[in-house]
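Participant: The residues making up each chain are set out below.
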Amino acid sequence: MLSEMFSFPFMVNAYRAGTIVAVLAGAVGYLMVLRQQSFVGHTLSAVGFPGAAGALLLGLTAPLGYYAFCLVAALVISRVHHAERSAQAAVVGTVQAFALASGYLFVVLYKGVLSGTTALLFGSFLGITSTQVVVMAGVATVLLTALVILGRPLLFASLDPDAARAAGVPVALLDLLFLLLLGATAAGVVQITGSLMVFTLLVLPAAAARELSCRPGRALATSILIALLVTWTALAVAYSSPYPLGFWLSTLAFGTFLAAKAVSRVRA
Amino acid sequence: MTAALELRAGALAVGGRLLWSELELTVEPGEFLAVLGPNGVGKSSLLNVVLGLRQLQRGEVTVLGGAPRDAVDRVGYLPQRRNFDPSVRIRGLDIVRLGVDGHRWGVPFPGRASRETWRWVRELVDDVGASAYADRPIGQLSGGEQQRLLIAQALARRPELLLLDEPLDSLDLPNQAAVAQLVSKLCTERGVAVVMVAHDVNPILPYLDKVTYLAPGGAACGTPQDVITSETLTGLFGVSIEVLRASDGRLVVVGQPEAPALHGDRHH
Numbered sequence: 001m002l003s004e005m006f007s008f009p010f011m012v013n014a015y016r017a018g019t020i021v022a023v024l025a026g027a028v029g030y031l032m033v034l035r036q037q038s039f040v041g042h043t044l045s046a047v048g049f050p051g052a053a054g055a056l057l058l059g060l061t062a063p064l065g066y067y068a069f070c071l072v073a074a075l076v077i078s079r080v081h082h083a084e085r086s087a088q089a090a091v092v093g094t095v096q097a098f099a100l101a102s103g104y105l106f107v108v109l110y111k112g113v114l115s116g117t118t119a120l121l122f123g124s125f126l127g128i129t130s131t132q133v134v135v136m137a138g139v140a141t142v143l144l145t146a147l148v149i150l151g152r153p154l155l156f157a158s159l160d161p162d163a164a165r166a167a168g169v170p171v172a173l174l175d176l177l178f179l180l181l182l183g184a185t186a187a188g189v190v191q192i193t194g195s196l197m198v199f200t201l202l203v204l205p206a207a208a209a210r211e212l213s214c215r216p217g218r219a220l221a222t223s224i225l226i227a228l229l230v231t232w233t234a235l236a237v238a239y240s241s242p243y244p245l246g247f248w249l250s251t252l253a254f255g256t257f258l259a260a261k262a263v264s265r266v267r268a
Numbered sequence: 269m270t271a272a273l274e275l276r277a278g279a280l281a282v283g284g285r286l287l288w289s290e291l292e293l294t295v296e297p298g299e300f301l302a303v304l305g306p307n308g309v310g311k312s313s314l315l316n317v318v319l320g321l322r323q324l325q326r327g328e329v330t331v332l333g334g335a336p337r338d339a340v341d342r343v344g345y346l347p348q349r350r351n352f353d354p355s356v357r358i359r360g361l362d363i364v365r366l367g368v369d370g371h372r373w374g375v376p377f378p379g380r381a382s383r384e385t386w387r388w389v390r391e392l393v394d395d396v397g398a399s400a401y402a403d404r405p406i407g408q409l410s411g412g413e414q415q416r417l418l419i420a421q422a423l424a425r426r427p428e429l430l431l432l433d434e435p436l437d438s439l440d441l442p443n444q445a446a447v448a449q450l451v452s453k454l455c456t457e458r459g460v461a462v463v464m465v466a467h468d469v470n471p472i473l474p475y476l477d478k479v480t481y482l483a484p485g486g487a488a489c490g491t492p493q494d495v496i497t498s499e500t501l502t503g504l505f506g507v508s509i510e511v512l513r514a515s516d517g518r519l520v521v522v523g524q525p526e527a528p529a530l531h532g533d534r535h536h
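As they're listed, the protein sequences go chains Y and F. First residue of the first sequence? That's 1 in my numbering, and the numbers climb one at a time after it. First residue of the second sequence? That's 269 in my numbering, and the numbers climb one at a time after it.
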């Protein structure tokens, strides 16, 4: 079955893109969960929807819209980032609602020819082009390199901003850089999971990994591994079943999370 | 010998409001100084001045013989009461390690250098008596246990000056006594100069070399016997204040403006 599956170029591209996205989502997602910025992550992903729809409306490619909108949204959110927590949640929520509404408008303006609305929202593994994969790989290389360089100070600033600031860590700069990192990651992940299902790869593997290890390095590696296994399995199952990829991704990810919870319960 | 901390005619204003002025302060190596005063008088801001995160309005501050920002590597800092959320699943050891190399870019790779660092982290944890629980997720530890680990973190770079912001706040009485004793041991055995912002002077009274009382627009500094008296405090605050000494040696300050008595009545 595997050799048959990989004889289709679209499946090869789906696996390439899925692998890149899983590594990114596993790593960045772990830090996002640690920083309690899941809501921000979800909003950045929601912004991908009008980004892609708008780009298609203008005759451009969807990925261009994803990256442009997600990064701009990250900058917008960074402006209110230092505001009070409740005020920040309100702004982020407003951005999210507005993004989804604009996306819907663009889809309507496109007048029905845009058959991929479901794919934009709930993900698809069909029609990923080789160019798309190359762009994803390039972006992922930049992001992962940045993550390695920022590594320790980012962890310090995420867990303990006051102590980090006193130790000379540029906390405000790291906050901004992480938001941009998250925006670019979200733009990549939504190309597989769709705007609404992004948590299947951005939150669930990280949440499961957190249950399995409380050492940052190991938990991060576990998060990446879980994201990879979930993505690879979901793609294979989606290929050979009539049900959509988004369903398999979230079901497998959720199952892994429950299993991790159970393991951690037994160990305790 | 260079003083660990010197302030000459210091005055600090935050947001256009003068917090304190005429502050004269000298802390020699191995000395233990407590900073006391009502809420909102700028006790934590004083520590921020020493860290170089805030600038004095007037006067001069010298930290370990130089400008505050040049001494960052030689100053340990424990920010005001941080309770890690129960959901934080990171080991106490990893939190302590952030104090050692959390400010350095990059990620630690396993190897001899990393093993050395871990040995040092274990030694720090041992010194504060936290070895029994340092392997557990910090979010699941009690306030006293977390505080000991955070003190270990503040000691990680072998500071010559240690700044502690209300480290005893919200600890139970036995833990207050134990942490106070631990801090005093650092002064006498390692010659670390300690500046502790405190709400209640009583747990640390037996160990103190000096106290500084901050008041709106003024300050008083000297030995506890000289400063915590009815005459000095009445003169400083301009209202009638009475200092009572209980039979067990505890001090109770009566009539202090806007702040609770030094001891006892803040656990409503």
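To be clear, the hints were calculated from the coordinates, so they are not data collected in a lab. A couple of the hints might just be wrong.
[As the list claims (entries may be wrong)] Sample of chain F residues at the chain Y side, in silico, Cβ under 10 Å: (1) Asp353; (2) Pro376; (3) Arg380; (4) Tyr401.
[Unchecked claim] Coverage of chain F stretches by chain Y, computed from C-beta distances (three or more under 8 Å per stretch; other residues unrestricted): (5) 302–314; (6) 335–348.
[Unchecked claim] If you want the ones that stay clear, here's a sample from chain Y, every Cβ over 12 Å from chain F, calculated: (7) Leu34; (8) Gln36; (9) Ala55; (10) Leu57; (11) Leu64; (12) Phe98; (13) Gly116; (14) Ser158; (15) Leu212; (16) Arg215; (17) Gly217; (18) Val237; (19) Thr256; (20) Leu258.
Values in this document were obtained by computation on a predicted structure and should not be read as measured data. The beta-carbon is built from N, C-alpha and C at its ideal position, and this holds for glycine as well.
Participant: Does each hint hold? Answer for all of them.
Facilitator: Against the structure, the hints:
no., hint, in the structure
1, Asp353, "holds, 8 Å"
2, Pro376, "holds, 7 Å"
3, Arg380, "violated, 17 Å"
4, Tyr401, "violated, 12 Å"
5, 302–314, "violated (count 0)"
6, 335–348, "holds (count 7)"
7, Leu34, "violated, 8 Å"
8, Gln36, "violated, 8 Å"
9, Ala55, "holds, 35 Å"
10, Leu57, "holds, 41 Å"
11, Leu64, "holds, 32 Å"
12, Phe98, "holds, 30 Å"
13, Gly116, "holds, 37 Å"
14, Ser158, "violated, 10 Å"
15, Leu212, "violated, 10 Å"
16, Arg215, "violated, 6 Å"
17, Gly217, "violated, 8 Å"
18, Val237, "holds, 30 Å"
19, Thr256, "holds, 17 Å"
20, Leu258, "holds, 17 Å"
Hint compliance for this structure: hints 3, 4, 5, 7, 8, 14, 15, 16, 17 are not met, and every other hint is.
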